[in-house]
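There are 2 protein chains.
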Amino acid sequence: MADFAKITGMDKEKLQNLRHSLAHLLAAAVLEIWPHAKRTIGPAVENGFYYDFDFSTEKHQSGPKNEDLHLIEEKMREMINGWDKFEKEDISVKDAKKMFSDNPYKLELIEEYGDQGLSIVKSGEFIDLCRGGHIESARDIKPNAFKLTHIAGAYWRGSEKNKMLTRIYGVAFETKKELDEYLWQQEEAKKRDHRKLGQELDLFFFSDLVGPGLPLWTVKGTVIRDELEKFAKETEAKWGYQRVATPHIAKSQLFETSGHLPYYKDDMYPGMELDDATYYLKAMNCPMTMALFSQKPHSYRELPLRLAEYGTVYRYERSGVLSGLLRVRGFTQNDAHIFCTEDQLENEFVQVMKLHEYYYRDVFGIKDYYVRLSLRDKSKKDKFGGNDEIWDKAESVIQSAIKKSGIPFQEAIGEASFYGPKADFQIKSVIDREETASTNQIDFIMPARFGLKYTGANGKEHPIVVIHRAPLGSHERFIGFLIEHYAGAFPLWLSPVQVAVANITDEQLGYAGEIVEKLRAEGIRVEWYNQNETIGKKIREAELQKVPYIAVIGEKETKAVSVAVRQRGEGDKGAMKLEKFIEKIKKEIKVKN
Amino acid sequence: MADFAKITGMDKEKLQNLRHSLAHLLAAAVLEIWPHAKRTIGPAVENGFYYDFDFSTEKHQSGPKNEDLHLIEEKMREMINGWDKFEKEDISVKDAKKMFSDNPYKLELIEEYGDQGLSIVKSGEFIDLCRGGHIESARDIKPNAFKLTHIAGAYWRGSEKNKMLTRIYGVAFETKKELDEYLWQQEEAKKRDHRKLGQELDLFFFSDLVGPGLPLWTVKGTVIRDELEKFAKETEAKWGYQRVATPHIAKSQLFETSGHLPYYKDDMYPGMELDDATYYLKAMNCPMTMALFSQKPHSYRELPLRLAEYGTVYRYERSGVLSGLLRVRGFTQNDAHIFCTEDQLENEFVQVMKLHEYYYRDVFGIKDYYVRLSLRDKSKKDKFGGNDEIWDKAESVIQSAIKKSGIPFQEAIGEASFYGPKADFQIKSVIDREETASTNQIDFIMPARFGLKYTGANGKEHPIVVIHRAPLGSHERFIGFLIEHYAGAFPLWLSPVQVAVANITDEQLGYAGEIVEKLRAEGIRVEWYNQNETIGKKIREAELQKVPYIAVIGEKETKAVSVAVRQRGEGDKGAMKLEKFIEKIKKEIKVKN
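Quick note, the sequences are listed as chains A and B, same order. For the first sequence, our numbering assigns the number 10 to the initial residue and increments by one for each residue that follows. For the second sequence, our numbering assigns the number 10 to the initial residue and increments by one for each residue that follows.
Do not take every clue at face value.
The list makes no distinction among identical chains, and a pair is therefore deemed to hold if it is satisfied within one copy or across any two copies.
[What the hints assert, rightly or not] Here are the simulated DSSO-like cross-link-like pairs (lysine-lysine), alpha carbons at most 30 Å apart as the crow flies:
| id | residue 1 | residue 2 |
| --- | --- | --- |
| 1 | K596 | K239 |
| 2 | K106 | K242 |
| 3 | K390 | K565 |
| 4 | K595 | K242 |
| 5 | K599 | K247 |
| 6 | K151 | K97 |
| 7 | K84 | K68 |
| 8 | K527 | K596 |
| 9 | K229 | K469 |
| 10 | K363 | K239 |
| 11 | K247 | K601 |
| 12 | K565 | K527 |
| 13 | K170 | K103 |
| 14 | K305 | K205 |
| 15 | K363 | K586 |
| 16 | K546 | K469 |
| 17 | K599 | K527 |
| 18 | K21 | K185 |
| 19 | K229 | K247 |
| 20 | K97 | K115 |
| 21 | K247 | K568 |
| 22 | K239 | K601 |
| 23 | K200 | K305 |
Hints were generated in silico from the structure; no laboratory data involved.
Work out the full structure: start from the sequences and follow the hints.
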């Protein structure tokens, strides 16, 4: 695993120094091969480093191509043996200008930063103008733990007014194992890209007629949506939630009452003027649920009241930032709002955190998660509603609850929502993609704006506090994540098609048809591969579609009233009586594995 | 039952004549008691008749009050004995003016209609200016089959510039039985009004912050929505439907392609301008499903493809016509579109009709239904898209399919949708409220606009035909109907609360709590009446909430590990072991009774 999981290994600063040191080595190796090239700058970046060169001064004005990268790598490995330390020395502007007199890029930097003091770094025969940030010994560079990845064009100092340079990228880690894992993840990420798989597996698509960021879900994608919703509905019923349903539009008054309009208007679709009112598409469900709670008086006996809604909301995102299912304009949230007393708040929040663990760790098998706890920035009063007393209370409860939940967390100052602190549940898939799975908030402010109260055991009115939560986030983002996490090979309970029935020849059409009907009658999702193709082709097709089970029907199976079962990832499981096959499938669906 | 069911009894015209004759009798009786009153006009109306009088010429300018209606009724019954026939005679303008010289209202009518020819009708001593439309013999009026219902103000000739008159309303039927049934229905309709019950049973409400015609569904109302959707999903899966999910908004291009925008724009919410496009809230799901179908090529092997969506749509209705759940601006349809070949069309339509019968007759116990078959008006070419050949084909198929389904139907010329003929499924609740439960359409036109094709067995492309159908109509209208149909006493499977657990004293709190948990663990919806009230009050409260089962827990039940069961409509069923009670409930839920 890369950086995120490596907090316990080589520290982050040392790893960045290692990468920057490799940039020096890269420059040294390039200059060995292309001695007339002009080097410019070479920083460490996430997972690696790069160095920019001007090859126009070379013979034939020609620098390396992608296929030459392995030559440079070899040269780097060869040179590393002659390197020992990275020695840093101060240098005067005058000496520096002299040293780099044939390099206009370095001269430009010396001119610009000379008055701040300059330094050079020496290693082996190689000297570069550099502010430092290196490992102590070149021995820390493992020759098999770095790799040059690709070449790209880059303008000098990022401005298109300047000359186009050649950038060589590399990745580097402490160990070969980490490098291999990273490279595997990159390959996997390409293969698992949910946009690519979404099309191959026919799960969702975007339409020019409908608009950007507005996915349409096919039959197969809708199975996943429906299964997730059903599972969340059942789970949350057990955890004491009750469902409500509200419209997708409301008058501006609702969003003025909630306080969203002044803060959030640019992120909402524009208003619709009708009968002297302005209607907005809801960009969030909370104002609706608050209006619903406010409709009648409530007693302490009813609390906590956990009102859930699978609500579809619409938000304006610039078309440039839209990205498959991960950033969309319309999405359906696994939303709920918990209306409770101040005393119940902490325990309710702990339960919300535990529900997250149940979903992610226990059901979806995600081991890598933590909470990003967003608090207010006390110096920016205009950005955060309400008064200090309320904020202090909310922040203290959320901190305490997260500690009690035992889930690892990191604090992020200034990242709170305008109405309260929030706890983002961050998850990582097997390909190291970190996603905000859901956002949880404690809110004293919006309930007050809606005048939400309850009558206590003492007969007096008290203010209601609300927790906003949506463990499965949005269908869109979460299914996008799951496609990549499972590489499209969904567990049986989520698979759009659970069993592919494939007859070997047309002679088994009758018996295969019976099997299809029997499986369907048991509520199992079946696709019948009955086209006039070879059995090999049918099996390959079903495998490409990542169908968990293939039931092959030949003459033998027809006679024996059985099916020949192929299981995804395990291959041929041999013949099985239909009843046993059904039993096996139903059991596996039930345990969600 | 009233008119609708009475097609086989006294014919409609005769019934209207009977009612108009009663208006004469009413006028005669009123003039006996208030001889200085001026009578004006008295037509038959739906279910009865009225007569308008000017009582300002009476002593003290005072006419009858509602509490006097029974006196008038008695006078009518007394006079009827002296009546025999209704004799009509032509009369000259001159004679008419003389006869009604003291009645300015009649004089105005004589002035206006004199040149068309006038007539009078005599019965007993009573003569009225009248165009006719009476029963032959006054003996046909059954003295116990009519009733005066109420008095209201009405302007002369409907104009507020004229004098306010006094209108006396009556209802009349062929037999006392029909009258009683009608009066019972009227009483029931008041008690069953879904707006009243919706509030008493806490099912839904409207919010000024959200807007008119946009219901918010409470926890209890959402249970009914969810159960209906789950039931439809399971049922339609068995009938070969597959679900899809699409956004609530789309660019204008989608609705231009479908052809809705030019015809339907005034019924849609106004557009939202964004990034050089105009977005509209969808007012129907069909354009989305068509866009979805058009996304990839289709083979004849896939057809018929039945794509279902529980889609929420928004339509602009003038605020004046909004009425509870029966006429709203936002509603969720039990929608589906069947994509098929021309050859499959008729059979698919028959199946759609049979699915309706299954839902209404078999599940909801509605016996009174028929199909209103809306065809085009051939003389209005601009109102109906496409060419005659296509329309002829569509109308011929739909007529044939409805005949084959065996469901009674009536034709309505000119009522078709712009893209094809439609078959509305009309249902009647026990209180005689007729509703359009759903609309079904055959559509050759929209699929052509989207260029929908399939590849036939011959390898060539053929046009797709679509059936639009939504048997349960919209959640909103249908639940509104069901509330009135069941008077809020939903069958067990639809009941928001299935069992009320009521402990007699606080001493049984522990055992009652265990019962509540055990029932919940079985997936039964329970409400615990654990407040500090008498058992009598708790039972009354649960009965008012129409909870199907009340489990009473006293000392005896605690000792015997049982519950004392009260069943809605049947009263005390005695003590029952918990397991047996659970078994009984689960069985009843399963059979949907």
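A quick look at each hint next to the structure:
no.: 1; hint: K596 to K239; result: both (18 Å within a copy, 22 Å between copies)
no.: 2; hint: K106 to K242; result: neither (70 Å within a copy, 77 Å between copies)
no.: 3; hint: K390 to K565; result: neither (77 Å within a copy, 63 Å between copies)
no.: 4; hint: K595 to K242; result: both (20 Å within a copy, 20 Å between copies)
no.: 5; hint: K599 to K247; result: both (16 Å within a copy, 21 Å between copies)
no.: 6; hint: K151 to K97; result: within (22 Å within a copy, 118 Å between copies)
no.: 7; hint: K84 to K68; result: within (20 Å within a copy, 123 Å between copies)
no.: 8; hint: K527 to K596; result: both (17 Å within a copy, 24 Å between copies)
no.: 9; hint: K229 to K469; result: between (53 Å within a copy, 27 Å between copies)
no.: 10; hint: K363 to K239; result: both (20 Å within a copy, 28 Å between copies)
no.: 11; hint: K247 to K601; result: both (17 Å within a copy, 23 Å between copies)
no.: 12; hint: K565 to K527; result: within (19 Å within a copy, 49 Å between copies)
no.: 13; hint: K170 to K103; result: within (28 Å within a copy, 104 Å between copies)
no.: 14; hint: K305 to K205; result: between (49 Å within a copy, 16 Å between copies)
no.: 15; hint: K363 to K586; result: neither (41 Å within a copy, 36 Å between copies)
no.: 16; hint: K546 to K469; result: between (73 Å within a copy, 24 Å between copies)
no.: 17; hint: K599 to K527; result: both (19 Å within a copy, 21 Å between copies)
no.: 18; hint: K21 to K185; result: within (17 Å within a copy, 93 Å between copies)
no.: 19; hint: K229 to K247; result: both (28 Å within a copy, 17 Å between copies)
no.: 20; hint: K97 to K115; result: within (17 Å within a copy, 117 Å between copies)
no.: 21; hint: K247 to K568; result: between (46 Å within a copy, 29 Å between copies)
no.: 22; hint: K239 to K601; result: both (13 Å within a copy, 21 Å between copies)
no.: 23; hint: K200 to K305; result: between (53 Å within a copy, 23 Å between copies)
The earlier numbered hints that this structure contradicts are 2, 3, 15.
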